[in-house]
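Novice: Now for the letters of each chain:
Number of protein chains: 2
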Amino acid sequence: MNLQEQLTELARRAKAAARALALLNTAEKNQCLLAMADRLEQQTSALLEANREDMQAAEAAGLRPAMLDRLRLDAGRVQAMARGLREVAALPDPVGRILDERVRPNGLRLRKVTVPIGVIVIIYEARPNVTADAAGLCFKSGNATILRGGREAFHTNRLIAALLVQAGQAALGQRFPAEAIQLVPTAEREAIPILLSLTSYVDLCIPRGGEGLIRAVAECSRVPVIKHYKGVCHVYVDRDADPDMAERIVINAKCQRPAVCNAMETLLVDRSIAAQFLPRVGAELARRKVQLRADAEAIRLLSGVRTEPPLELRPAIEQDWYTEYNDLILNVRVVNGVQEAIEHINQYGSAHSDAIVTANETTAQRFLNGVDAAAVYWNASTRFTDGGEFGMGAEIGISTDKVGARGPMGLEELTSYKWIGIGQGQIRT
Amino acid sequence: MNLQEQLTELARRAKAAARALALLNTAEKNQCLLAMADRLEQQTSALLEANREDMQAAEAAGLRPAMLDRLRLDAGRVQAMARGLREVAALPDPVGRILDERVRPNGLRLRKVTVPIGVIVIIYEARPNVTADAAGLCFKSGNATILRGGREAFHTNRLIAALLVQAGQAALGQRFPAEAIQLVPTAEREAIPILLSLTSYVDLCIPRGGEGLIRAVAECSRVPVIKHYKGVCHVYVDRDADPDMAERIVINAKCQRPAVCNAMETLLVDRSIAAQFLPRVGAELARRKVQLRADAEAIRLLSGVRTEPPLELRPAIEQDWYTEYNDLILNVRVVNGVQEAIEHINQYGSAHSDAIVTANETTAQRFLNGVDAAAVYWNASTRFTDGGEFGMGAEIGISTDKVGARGPMGLEELTSYKWIGIGQGQIRT
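Chains as they are written, first to last, in numbering that gives the first Met the number 0: chain H, 0 to 428; chain V, 0 to 428.
Careful, some of the hints might be misleading.
In this list, chains with the same sequence are indistinguishable; a pair is considered to hold if it fits within one copy or across any two.
As a list, the in silico DSS-like pairs of lysine-lysine whose alpha-carbon atoms are at most 25 Å apart [claimed, not checked]:
1) 288 with 229
2) 229 with 111
3) 288 with 14
4) 288 with 111
5) 14 with 111
6) 229 with 14
Source of the hints: derived by calculation from the structure; they are not laboratory data.
All chains should be modelled from the sequences, with the hints used to inform the complete structure.
Specialist: Structural data, given as structure tokens:
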């Protein structure tokens, strides 16, 4: 079989497995998930051995230390995977929820009920824990997964997937649809466009990784893709903001974990309070070693300020406003009120997470309505856009799309729905 | 400007208009819709004149009578467009509905609220009424539309779109975002792939038409497409069916309006009742001039039956089971119970609408769970898959997709959602 035939067969089997999986009840799915968690922990030494093989090849290939760290498994990370599976087992089943119910004048009863999406391709980079996390979330929501991790983690991922399937088979025997969790059996790059052309079998692709990976996937896919390219998040400090609250939110949104997608990249400050607010927040940002890229007005207001260490400040260029730094770098701009803030965000932002700090409810409502983003906050940090913080339990990713799930994607966001009509012989007249 | 630049500018303006439109309140939108309806009626003679131009060109080009009928406007059809806009005005506003609300342990209040999708490209064929229907539904749900009708209806569509915009401007003045309703200003074919590559401005494409059109759109699009390719719908008559009810549903699903997507194309009959059921339903189908394409068992059971007129009966070939006839032709197959029926439907069906007739609740539940389709019915005709019949009011189309809307798409299905977080200064720790 050539690659096209091989992947078509893999996807065809995934579709059949998805149909069998959709018929398992909640207790059966949870039994499998708990068995999977146990199996991973029991096989820790085999997992570390497979991972050592990947690590040695990666070191020999000269991978960067940050990449090596993502690739590495240790006993704690294996336990974290197992814990994740147990947490998913403990979450409510998202399938079979009644979203709507109506009885028509002719007596036909219509129910809108959640169902699994079907077959989901997950494309990700070096972290092997994604294999267990994604497979667990998809399994609980009744979806078959086709997993495509980074080539550098191939041996580790292959063993994780095999252990998950073995555990499911031990738990349910023949009733476990073994092909509901499959790893793409090749590291060839051409596998991705082939898989994402199989519209008869694949229902959705969720890519997780850097903007380059996600753009490449979205460009070549013929199946729906749910994604966010990047997180260029904003905090707008309004004239009616409590300055202490504003500083606390700005520092948290930028500094608490700068490498993640819901960290702030651009601070917008209302002109009427900029002369008071910018020097004080600038001092604190300097203390935290945040470099600033600022517009002319902000530079004027900040350049006289003495800080310890001295503030690193340079003029922002147009491209900066579009940039996700994932680092201790912050754009700063002075704007004429909330409308200019909204316009800046809608032009340069990534529709991920944006916040306003103000005590004025009217201004806040304008911002919450006017900013076109997956999550908008009033008097809270952008850092809350996260499945755990939203109370969804684990998340498989964050979407900035408008069709399908938007914002953090937990179990409910991995379902579709069907309409069920129950009649007593109704016909259309 | 070349075509690429021209369409990019059009889409950029649509996006800006969508943002302005999203800020209009329900009363303002309804005022516009009612003004649009009045304007179309007032301008009936101008519309018929523009349509005459299109009709003459179409006749000269030798279009088929069925196409000419779709293209033709008359006073009744203009009134129907106006009535459609008034009905949309009367429907509840789908924007701003709270889908979910939760307060987190840290006091952060999260609301999941419906918002417009943004910019929607509608691609359709000859019927000019789609221009008003689609623009009205999108406008009420806060979405800007870019309309691309069939080239043969260009003059008619252009006038309809212009009248809608004039009416909105007369109603709201400067507050009406004129570029929220735009017609693609060229009949060039290349306009479609260009428009559907503009992922920064276009949020969704809804193609309406034959399978060829929809496949061409889905193939070239880089923006999400919500669609159904075809309707290969099934009725399964179970051993526990009431035969009178089964016959009534079968005849309705096939004959009441055979040219539409929710009409039945394949009848599946349980082997244990086939010898009783097929001859009686065969006689009625013959009376209604339905031709049958049947498997060997059904042929055996039907070929001895005397009907008036004689039954047109021939063996089905593999391709027939996949075919949407849109005509008085029906596939018939004898199956071994509900499981074989489910497998047939999942293999050959189009995931549109499928029904079981049975008095046995356990069997019905197996069917409703096992069939993977947008709408599944128990003891009711497949013909009910329709926005009006579902109580949605008008519909913009039917989706068999799993990501985004599934089944009939009314106003609610033209919305996305955003998460709104309201805090008192919460930061992430």
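Novice: Tell me, please, which holds for residue 14 and residue 111 at an alpha-carbon limit of 25 Å: within, between, both or neither?
Specialist: Classified as within; 23 Å inside a copy, 32 Å across copies.
Novice: Treating 25 Å as the Cα threshold, decide for residue 288 and residue 111: within, between, both or neither.
Specialist: Close neither inside one copy (52 Å) nor across copies (36 Å); limit 25 Å.
Novice: Give the relationship of residue 288 and residue 14 under a CA distance limit of 25 Å: within one copy only, between copies only, both, or neither.
Specialist: neither (51 Å within a copy, 38 Å between copies)
Novice: Given identical chains, is residue 288 near residue 229, meaning Cα to Cα at most 25 Å, within a copy, between copies, both, or neither?
Specialist: within (23 Å within a copy, 59 Å between copies)
Novice: Can you tell me if residue 229 and residue 14 fall within 25 Å by alpha carbon in one copy, between copies, both or neither?
Specialist: between (31 Å within a copy, 20 Å between copies)
Novice: Evaluate residue 229 and residue 111 at a C-alpha cut-off of 25 Å and name the case that applies: within, between, both or neither.
Specialist: between (33 Å within a copy, 22 Å between copies)
Against the hints set out earlier in the document, violations occur for numbers 3, 4.
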